[in-house]
Amino acid sequence: MISAQRLTRRFGSRTAVNDVTFEVARSEIVALLGPNGAGKTTTLRMLAGLIAPTSGSIAVGGVHLTRATGAAIRTRIGFLTEAPGLWDRLTVRENLRIYGGLYGLENVDLRITRALDLFGLADRASTRTAELSKGMRQKVALARTLLHDPIVLLLDEPTSGLDPEVTRTVRLLLEERRAAGCSILVSTHNLDEAERLADRVAVLHERLVAIDQPAALRRRLTTGRLIVRVAGDPSSLVDTVHALLGPGADVAIEGAALTLRVAHPDRQTPALVAALVAAGAQILEVRAEMPALEDVYLHLMSGRS
Amino acid sequence: MNRTRIRTLLVKEFLDLGRNRTALVPVVIVTVLALLVPVAVTVAIPAIFGRGLGTDVGLVRVSEVVNAPESLSSDARVQLFLFQQFLMMFLLTPITGAMTLAAHSVVGEKQSRTLEPLLATPITTLELLAAKVFGALIPTFVISFAGLALYAGAIIAFAEPGVPSAMASVRTLLLILFVAPAAGLVSLQSAVLISSRVNDPRTAQQFGVLIIAPLAGIFVAQFTGSLWFSTRALAVLGLGLVGLWMLLLLSSVALFERETILTRWR
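Protein chains in written order, with our numbering: chain A, 778 to 1082; chain B, 88 to 353.
Derived from the structure by calculation, the hints contain no laboratory data. All C-beta atoms in this analysis are idealised placements derived from N, C-alpha and C, irrespective of residue type, glycine included. Among the hints, erroneous ones may be present.
Said to hold, decoys possible - Heads up, incomplete: computed chain A residues facing chain B, CB under 10 Å, no partners named: (1) G878; (2) G938; (3) P941.
Claimed, not checked - Calculated cross-link-like contacts (lysine to any residue; reagent style SDA-like; alpha-carbon spacing at most 25 Å): (4) A:K911 / A:V943; (5) A:K911 / A:H966; (6) A:K911 / B:A134; (7) A:K911 / A:R844; (8) A:K911 / A:H982; (9) A:K911 / A:N813; (10) A:K911 / A:R891; (11) A:K911 / A:T868; (12) A:K911 / B:R200; (13) A:K911 / B:L349; (14) A:K911 / A:D900; (15) A:K911 / A:G838; (16) A:K911 / A:T946; (17) A:K911 / A:D976; (18) A:K911 / B:P113; (19) A:K911 / A:L895; (20) A:K911 / B:F136; (21) A:K911 / B:R106; (22) A:K911 / B:V229; (23) A:K911 / A:R945; (24) A:K911 / B:M88; (25) A:K911 / A:L968; (26) A:K911 / A:T890; (27) A:K911 / B:D103; (28) A:K911 / B:T350.
Input sequences plus hints: build the corresponding full structure.
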């Protein structure tokens, strides 16, 4: 649905985005991660047709983004900008109505009412947006972004500064849009949100450093350590582990758990479990120690720097 | 060009202005002044000093350019000349008040961070800039035309006999309905162009003041009698102004750099 091929954008001598290629499929959420100045907003602006790439190409729904197709493509995109960008002297409803008119929507009032209900803003419809809290303003901006039922959503920090309740509302809403077939690219600093929400995570730092499913990214940094939690004292099981993995095996006891390093967790874990059970262990839990997405992110960024 | 989008953005401009009426105060003040000055000069001052306008040789001489009906008295001829000359001033001076609105239009959207979501819609640059110009022009002319009704009322009430009917001419209509709006479009389009090229509202307003300079020149030339537009000259002037406006509109579109505005302006 969104295709970015070898996107590069330079501002004078500074390269903001360099040779970035990725796609966002239908019914997919991709989170764009990266430090400040990594080129996230520039990438979103290029995809929204607001600024042109220095080189490379963009296609939305199979249509190549050009000067001639820009306006038509923008009708299919919902772009949430970094700042809500609401007209302060206008009410919530007026703000949405103007955007409804700009998108040439029919049944604007019905759509607005639906959007207001969705975001719990019905009782604020006649309030001037200057009087709203930051969270409310962000909700109005989101309602504006979704008003024309876009097939592509480009969201720049949608939950920045929002309280957990509103953040959850936004997350659920995006999941709904994904289920409805939307392609969603969301820029965020919130790694937890990226992990919870995104099907894939793209790490950007001028170049595309990595793009994969969150779990796959985490596996890249896997330590090869297994944690086996048992009922009772695990120290009696150390010999069993040494018998299976060799006397030099890295085994430690941490409370009620054995922690051990294996070279090939997928292959060795079943045999290990079988040996422990045979030795009388009552196994409560076996899991591979996985790094947090934050660790992966920091690792990738340290590689860049 | 999609007229619905222009209309929609115009509605936004009017709603915004309706909630910020102080922005229109300069237009109202200038309109009131433009109404009081001609009445004072042509009616009040001569009445206070007991000297008819027709006794001033200089005024009688410059007023000959009007080509007034023979039946008018000497006082009435001078009054007709002055009311005609003040009419142009009356119609054009409110534009100076609206200059701030136009000068603030694009840079104001950028400053309040409303420009980026707006540009992310299908609106074209031409539609955006046209809406910005008409958004400043229409309220200004509403106020100006309300003042015009008072101006006409003052002429009917205080002018010498024959002056009101002599004022009701093709020339006057041309001035009101064609030349003044065209001049307004040129001035405000220039201000919008400037607004899309500078990154600070104060700079935009400073440049906007420069646009007023040619208007001031026209006023001075008018009252020395060295500049008189016949009906035909006004028609040509109006057409020229419309042409100039279209040229300015296209130049504004060509010079509107979305990318620079979005990425460089702070």
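Status of each hint after checking the structure:
1. A cut of 10 Å between beta carbons decides the hint on G878 (chain A): the least distance to chain B is about 3 Å, and the hint holds.
2. With a cut of 10 Å, the hint placing G938 (chain A) at the interface with chain B is violated, because the nearest CB-to-CB distance is about 15 Å.
3. Taking 10 Å as the C-beta cut-off, the interface hint given for P941 (chain A) is violated, the closest approach to chain B being about 25 Å.
4. Annotation: proposed proximity of K911 (chain A) to V943 (chain A) holds, straight-line Cα distance about 11 Å (limit 25 Å).
5. For the hint linking K911 (chain A) to H966 (chain A), the alpha-carbon distance of about 18 Å falls within 25 Å, and the restraint holds.
6. Pair hint K911 (chain A) plus A134 (chain B) does not hold up; C-alpha atoms about 63 Å apart against a cutoff of 25 Å.
7. Annotation: proposed proximity of K911 (chain A) to R844 (chain A) is violated, straight-line Cα distance about 35 Å (limit 25 Å).
8. Restraint check: the Cα-Cα separation between K911 (chain A) and H982 (chain A) comes to about 29 Å, which exceeds 25 Å; the hinted pair is violated.
9. With a CA separation close to 21 Å, the supplied pair K911 (chain A) and N813 (chain A) stays within the 25 Å bound.
10. In summary, the hint linking K911 (chain A) to R891 (chain A) is supported, as the alpha carbons are separated by about 21 Å, within the 25 Å threshold.
11. Among the hinted pairs, K911 (chain A) with T868 (chain A) is consistent with the structure: their alpha-carbon atoms are about 15 Å apart, no more than 25 Å.
12. Taking the CA atoms of K911 (chain A) and R200 (chain B), the gap is near 14 Å; set against the 25 Å cutoff, the hint holds.
13. The straight-line distance between the Cα atoms of K911 (chain A) and L349 (chain B) is roughly 22 Å, inside the 25 Å bound, and the hint therefore holds.
14. As the CA atoms of K911 (chain A) and D900 (chain A) are separated by approximately 17 Å, the hinted pair is consistent with the 25 Å bound.
15. Note on K911 (chain A) and G838 (chain A): the hinted pairing is violated, with a Cα-Cα distance of about 33 Å set against a maximum of 25 Å.
16. Restraint check: the Cα-Cα separation between K911 (chain A) and T946 (chain A) comes to about 15 Å, which is no more than 25 Å; the hinted pair holds.
17. For the hint pairing K911 (chain A) with D976 (chain A), the CA-to-CA distance comes to about 28 Å; that exceeds 25 Å, so the pair is violated.
18. With a CA separation close to 34 Å, the supplied pair K911 (chain A) and P113 (chain B) exceeds the 25 Å bound.
19. Distance restraint check for K911 (chain A) and L895 (chain A): the Cα-Cα separation of roughly 18 Å lies within the 25 Å cut-off, and the hinted pair is therefore satisfied.
20. At most 25 Å may separate the alpha-carbon atoms for a hinted pair to count; K911 (chain A) and F136 (chain B) exceed this at roughly 65 Å.
21. Simply put, K911 (chain A) and R106 (chain B) have alpha-carbon atoms about 22 Å apart, close enough for the 25 Å limit, and the pair holds.
22. Between K911 (chain A) and V229 (chain B) the alpha-carbon distance is near 37 Å, which puts this suggested pair outside the 25 Å criterion.
23. Our distance criterion of 25 Å between C-alpha atoms is met by K911 (chain A) and R945 (chain A), whose separation comes to about 16 Å.
24. In summary, the hint linking K911 (chain A) to M88 (chain B) is not supported, as the alpha carbons are separated by about 36 Å, beyond the 25 Å threshold.
25. A hinted pair counts as satisfied when its Cα atoms are at most 25 Å apart, and K911 (chain A) with L968 (chain A) qualifies at roughly 22 Å.
26. Under the criterion of a C-alpha separation no larger than 25 Å, the hint pairing K911 (chain A) with T890 (chain A) is consistent with the structure, at around 21 Å.
27. Of the supplied pair hints, the one linking K911 (chain A) and D103 (chain B) holds, its CA atoms being roughly 21 Å apart against a limit of 25 Å.
28. Taken as a hint, the K911 (chain A) and T350 (chain B) pair is honoured in the structure, with Cα atoms around 24 Å apart against an allowance of 25 Å.
Consistency with the previously given hints fails for numbers 2, 3, 6, 7, 8, 15, 17, 18, 20, 22 and 24, ordered from lowest to highest.
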